[in-house]
Amino acid sequence: MMKVLFKKEVLENWRNKKWIWVPLVFILLAIMDPITNYYLPDILESVGGLEGGAVIELPTFSPADAIMMSVSQYSTLGVLVIVLLSMGIISGERKSGVIELVLVKPVSYTKFVLAKWLSLLLLVFAAFIIGMMASWYYTNILYGEITFSMLLAVIFYYGLWLLFVCTVSIFFNTVTQSPGIVAFATIGTTAGISLVTSLLGIRLAWSPTNLSVYIQELLVTGDVSSELMYTTIISIVLIALILLASIYRFNRTFIRRSQ
Amino acid sequence: MTILSVSNLAKQFNNTYAVKDLAYQFTPHQCIALIGPNGAGKTTTLQMIAGLLQPTSGEIIFDKHKSIDRRTLIGYLPQQPVFYSWMTGSEFLVYSGQLGGLTKTASRKRSAELLDITGISEAKNKRIGNYSGGMKQRLGIAQAIIHQPKLLMLDEPVSSLDPIGRREVLTLLEQLKTEMTVLFSTHILSDADEISDELILLRKGEMIESGKMKDLRQKYQTTKITLQFLENQAFYQKKVAALPHVTRTLLERDTVQVIATNIETARQEILQQAVDEKWPLLAFKLEQATLEEMFMKAVNDA
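Here the protein sequences line up with chains A and B, keeping their order. Residue numbers for the first sequence follow UniProt numbering, so the first one is 1 and each next one is one higher. Residue numbers for the second sequence follow UniProt numbering, so the first one is 1 and each next one is one higher.
Keep in mind the hints are simulated off the structure, nothing from the lab. You may find that some hints are simply not true.
With a straight-line cut-off of 16 angstroms between C-alpha atoms, the simulated EDC-like cross-links for lysine to aspartate or glutamate are [unchecked claim]:
{"no.": "1", "chain 1": "B", "residue 1": "Lys224", "chain 2": "B", "residue 2": "Glu292"}
{"no.": "2", "chain 1": "B", "residue 1": "Lys124", "chain 2": "B", "residue 2": "Glu113"}
{"no.": "3", "chain 1": "A", "residue 1": "Lys7", "chain 2": "B", "residue 2": "Glu174"}
{"no.": "4", "chain 1": "B", "residue 1": "Lys136", "chain 2": "A", "residue 2": "Glu57"}
{"no.": "5", "chain 1": "B", "residue 1": "Lys126", "chain 2": "B", "residue 2": "Glu91"}
{"no.": "6", "chain 1": "B", "residue 1": "Lys239", "chain 2": "B", "residue 2": "Glu277"}
{"no.": "7", "chain 1": "B", "residue 1": "Lys239", "chain 2": "B", "residue 2": "Glu194"}
{"no.": "8", "chain 1": "A", "residue 1": "Lys8", "chain 2": "B", "residue 2": "Glu292"}
{"no.": "9", "chain 1": "B", "residue 1": "Lys285", "chain 2": "B", "residue 2": "Glu269"}
A quick note: this is a predicted structure, and the numbers were derived from the prediction, not measured.
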């Protein structure tokens, strides 16, 4: 049953071209900053307009900085793309009413939510991994070496943050029938967590939004810090709890007693 | 023998009851019409039985199938079915069948059959987004019966169709009755009258009449006299109304409808007076009142 529901989602994402544009957007986001920063001196020179004597001090970037440029794009625009992708994944079906024809069949509500969640993860992670590979490729060419195992570590730890965003969006999908409210609430929640984390500083050291901070340290030092470890554990626990809450909410909304 | 019993079923929305104290025993292979004016609670009732809405109180029990998910036994067609418009008709049916518990192969086979039965097999590989209203309605019926349910429920299945589509759907429902129990809602009495064996009449969420069609016909059987005059229908209506045994008169287009306590005596009185006063009588007709009278009476009086 799960497989049937999941396959339908994957097919739908294929039919509405999400399998094409989402990976393309993620590649674009990943390579945009590393490439423009590398060629910035040349661009400035060709644009001209500067007196011969003017000297512009441009910062030099390390390979770790270059990879982090991609990560920071994902933290803003990448999250936005995920929210746009997922805002109607369940709520839209409730709003249009098509969900009625699915839920009058003997379908498990839990499996329904899980299939939606997994299909979203498949698409987002495929795009994210492809994007990071592209970023890694250009970083290695333009800035210097980042090892493959380090790339995998970045993908793993930053992937947790994206997983968190996807799960929050699924949760709001089970709460409201309006895709707009889902998008607003998801962005609000992730932005709110970031804000609170930066305000409270050290007291919220293990907040999921700090993952990117610790990833930067990891890239510089090469060691997985204890903060990163704890943040990972906290993130996984939070994701599991939000997922359970979504399943619970959805079951509650469509309570059916078989007898 | 019953297949489904509903007892004390109620649904409350913000302090008002959409459905109240509904109780009914459904017999297999019957066609039951759920009838009532708009807002009577028909859709709410169907949604509760289908498991889309949790009743505030009451029980819905499928006899002999107590331990299984009752959705396996139910096929449901909402009033305005919405499909995945990016799927083809055939894809949607196969998907529905799989959700209903069929294997992919079995679902494909059954889909092909149903596309034939419902007459949309030429459009099976077209996107549902391009289907007409009538085609969507047929696809809706096909998805409802794909897993061979014991109870088929349809919410206003014919009210949005043209006369030909309506005829076809009613005929299809009559055929399906041999395989399952059919429960459909409508606000048009003639649809119910035509194909149903039993009737549940709802008004403001309450069941005000129910039972076998033939019993109800007997119970509400009244005879009425239809009169038509050459001119001045309203003038003669007053005269007829003044007669001692006439209980009610009604001016309907250019005829006068007469309901009497004792139809024999009323007939004598009317004819006598017509002769005495030389009424310009065009037509005089004794008729059996249809269920329409019952419907109107039940809806207005209660």
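To see whether the hints hold, each was checked on the structure:
1. Lys224/B / Glu292/B: Between Lys224/B and Glu292/B the Cα gap is close to 13 angstroms, so the pair holds against 16 angstroms.
2. Lys124/B / Glu113/B: Between Lys124/B and Glu113/B the Cα gap is close to 12 angstroms, so the pair holds against 16 angstroms.
3. Lys7/A / Glu174/B: violated, 36 angstroms
4. Lys136/B / Glu57/A: violated, 67 angstroms
5. Lys126/B / Glu91/B: Holds, because 10 angstroms separates the two Cα atoms, which is no more than 16 angstroms.
6. Lys239/B / Glu277/B: With a Cα-Cα distance of about 11 angstroms, the restraint between Lys239/B and Glu277/B holds, given a limit of 16 angstroms.
7. Lys239/B / Glu194/B: It is violated: about 37 angstroms lies between the C-alpha atoms, which goes past 16 angstroms.
8. Lys8/A / Glu292/B: Violated: Lys8/A and Glu292/B sit about 47 angstroms apart, past 16 angstroms.
9. Lys285/B / Glu269/B: Between Lys285/B and Glu269/B the Cα gap is close to 14 angstroms, so the pair holds against 16 angstroms.
The structure shown violates the earlier hints numbered 3, 4, 7 and 8.
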